[in-house]
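Novice: Read off the chains here:
Protein chains: 2
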Amino acid sequence: MKHSIIIGGAGFIGSNLTSELLLCGNQVTVIDNLSRGLRAYISEHLKNERFKFFNFDVAIRQQCDDAFENAHKIAKIDEVWHLAANSDIPAGVSNPDIDHKDTFLSTFEILIQLKKYNIPTLHFASSSAIYGDFGDEKIYETIGPLLPISNYGAMKLASEAQITAACESNLNRANIFRFPNVVGVPATHGVILDFVNKLKTNREELAVLGNGTQKKAYLHVSDLVSAMKLITTKESPHKALLVNIGPIDDGVTVKWIAEKVVERINPKARILYGEGSKGWTGDVPKFNYSTDRLKSFGWSPGLSSSESILKAIDEIAKHEGF
Amino acid sequence: MKHSIIIGGAGFIGSNLTSELLLCGNQVTVIDNLSRGLRAYISEHLKNERFKFFNFDVAIRQQCDDAFENAHKIAKIDEVWHLAANSDIPAGVSNPDIDHKDTFLSTFEILIQLKKYNIPTLHFASSSAIYGDFGDEKIYETIGPLLPISNYGAMKLASEAQITAACESNLNRANIFRFPNVVGVPATHGVILDFVNKLKTNREELAVLGNGTQKKAYLHVSDLVSAMKLITTKESPHKALLVNIGPIDDGVTVKWIAEKVVERINPKARILYGEGSKGWTGDVPKFNYSTDRLKSFGWSPGLSSSESILKAIDEIAKHEGF
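Residue numbers (this note's numbering), protein chains in the order written: chain B, 1 to 322; chain V, 1 to 322.
Worth flagging that the hints you see were computed from the coordinates, not collected in a lab. Since this is a predicted model, take the numbers as computed values, not measurements. Note that CB positions come from ideal geometry on N, CA and C, so glycine has one too. Take the hints with a grain of salt, since some may be wrong.
[What the hints assert, rightly or not] Computed Cβ-Cβ distance ranges for the label pairs, DEER-style: (1) B:ASN266 x V:SER169: 28 to 38 Å; (2) V:PRO120 x B:THR253: 31 to 41 Å; (3) B:LEU34 x V:ARG50: 50 to 60 Å; (4) B:SER94 x V:LYS2: 23 to 33 Å; (5) B:SER35 x V:HIS319: 48 to 58 Å; (6) B:SER35 x V:LYS138: 38 to 48 Å; (7) B:GLU235 x V:LYS76: 50 to 60 Å; (8) V:PRO120 x B:PHE134: 19 to 29 Å; (9) V:LYS76 x B:GLU69: 43 to 53 Å; (10) B:MET1 x V:SER277: 36 to 46 Å; (11) V:THR253 x B:ARG39: 55 to 65 Å.
Bound conformation, chain B alone:
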């Protein structure tokens, strides 16, 4: 029985992955500091004898030590999924300490444990944000130079760099998944939750950051989990395998999302747009993501960007009581 550790397993994507790996028959140990994740997201598994949860902050040396010591006592650790990060980009822009601790140091400390316990495999949730702004240019995994425009993207790239260096010394295989915008439940952040919450406060009006023309691709969390699982089953000539994950379409605009959220919550609400094509500092306005490598592994998403968004709007609206 494979023993999988999921760091950040009580978060949005982590809790979906936890359910999936338990379904696959793995022994699953979730380590989460519950800064953005919630115990409620994983509470359904607490009676499962193949599941264990530890509330530790891996960005803190002593807690990371304790977490891995506890996990190792359950069974030899076969793989670590590192999904812990600060996912709130604007928060990291105003206070860089947040990205440093939750996104960078978490990776740094986990790598120390991988070496200590001789754990051969790491799966890492990186991000399209590591690329920065390439405008209309197609973004392959091999593109350069990498000029992230947010601390979030910087700390994800910094994490990738640490991981590739670890592949040179002790890791056997690292899958570095460069995530797109992911939607679904339990949502902890993101444009849909933001819009739904705004309409919860004021049902008549929805204020949108930027002019709404930003177009981005979105993947439903169920598709993301299936893509990652697929890649973990594939051989690779590279110890560090970089893979863009995303839908195969161009995406949808913020304006379209705003309209669909309004339609679902209160069709009479007015939408008020801001100025500029960027929503906030560090937001990449345009994004042409290549998923050729992912497709070469035989993968295709179940849902398009628009289908993913519509499904997530409904899921989040229900979750928020609409």
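Model the placement of chain V on the given structure of chain B, informed by the hints.
Specialist: Structure of chain V alone, referenced to chain B:
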């Protein structure tokens, strides 16, 4: 009068830059934790009224605060040169905390001060180590993917990423210099010093890590300083300007260097080679560096790799009493 801060200004490259910027008429403030740098390397300037030295460790928040507060009191800060780092790659492999603190956190903390004091310009000593191992492929600044194979390279890439993110929010211009192997005095580390020191201990024998076939390009520190100075005078359409700095030749082998050091110190000494083409974990065995961008700014080095090495061997040998 331009006020330049040099972090790491008491180190090998920093002390050479300090002399040069003082010659140019700048007000120069050196901040150094003296972990690898030495007060002796800058003591000749202590009586210069345009020079000030502060012994602070910028990787520690309170000390970085104090350092910039002191520097700011002298005069408004126009530019910061960030040359502080752990330059001992094997040390960082065995203890990642060293690279994290001295190479990564120094950048992180300096960026907080640049924002606080509204300092528009940063010059950063990055490294060819951010590229990882591209074999025979020509390494342009735009190459990808970036897969560093040492913690040193990882933390330099992590620093670059933070700097490009800062260009999006508060920095007006960042020159990111990707250094080659640099030689000269006052040497604090590197292959020549290593060989000279070994012959100091045992005049009859020189043990070389690896089989000596590693071929690398070397630049003399005087050429490096002149290249950086040139680039700082050039306009750039990019806020973050990446520039490979290096000689225009292919470089020399470790074997050649060992022979030349033996020739200079004790021609009768035997050279003993190890195995493998890598000297240590994290060492990139082959390296084909493009300096086309640097040349496009009108630069050409004064010395070739072999001339740089010969000059540095003589300088270091003299310095070590031979």
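Novice: With reference to the structure, classify each hint as holding or not holding.
Specialist: Structure-based check of each hint:
1. B:ASN266 x V:SER169: 28 to 38 Å: At 35 Å between Cβs, range holds.
2. V:PRO120 x B:THR253: 31 to 41 Å: 35 Å, holds
3. B:LEU34 x V:ARG50: 50 to 60 Å: 54 Å, holds
4. B:SER94 x V:LYS2: 23 to 33 Å: Holds, since B:SER94 and V:LYS2 (Cβ atoms, about 31 Å apart) stay within the stated range.
5. B:SER35 x V:HIS319: 48 to 58 Å: Hint holds: Cβ distance 52 Å, inside 48 to 58 Å.
6. B:SER35 x V:LYS138: 38 to 48 Å: 44 Å, holds
7. B:GLU235 x V:LYS76: 50 to 60 Å: 58 Å, holds
8. V:PRO120 x B:PHE134: 19 to 29 Å: Holds - the Cβ-Cβ distance for V:PRO120 and B:PHE134, about 25 Å, lies within 19 to 29 Å.
9. V:LYS76 x B:GLU69: 43 to 53 Å: Holds - the Cβ-Cβ distance for V:LYS76 and B:GLU69, about 51 Å, lies within 43 to 53 Å.
10. B:MET1 x V:SER277: 36 to 46 Å: The hinted range 36 to 46 Å holds for B:MET1 and V:SER277, with Cβ atoms some 41 Å apart.
11. V:THR253 x B:ARG39: 55 to 65 Å: Given a distance of about 59 Å, which is inside 55 to 65 Å, the answer is holds.
When held up to the earlier numbered hints, the structure conflicts with none and fits them all.
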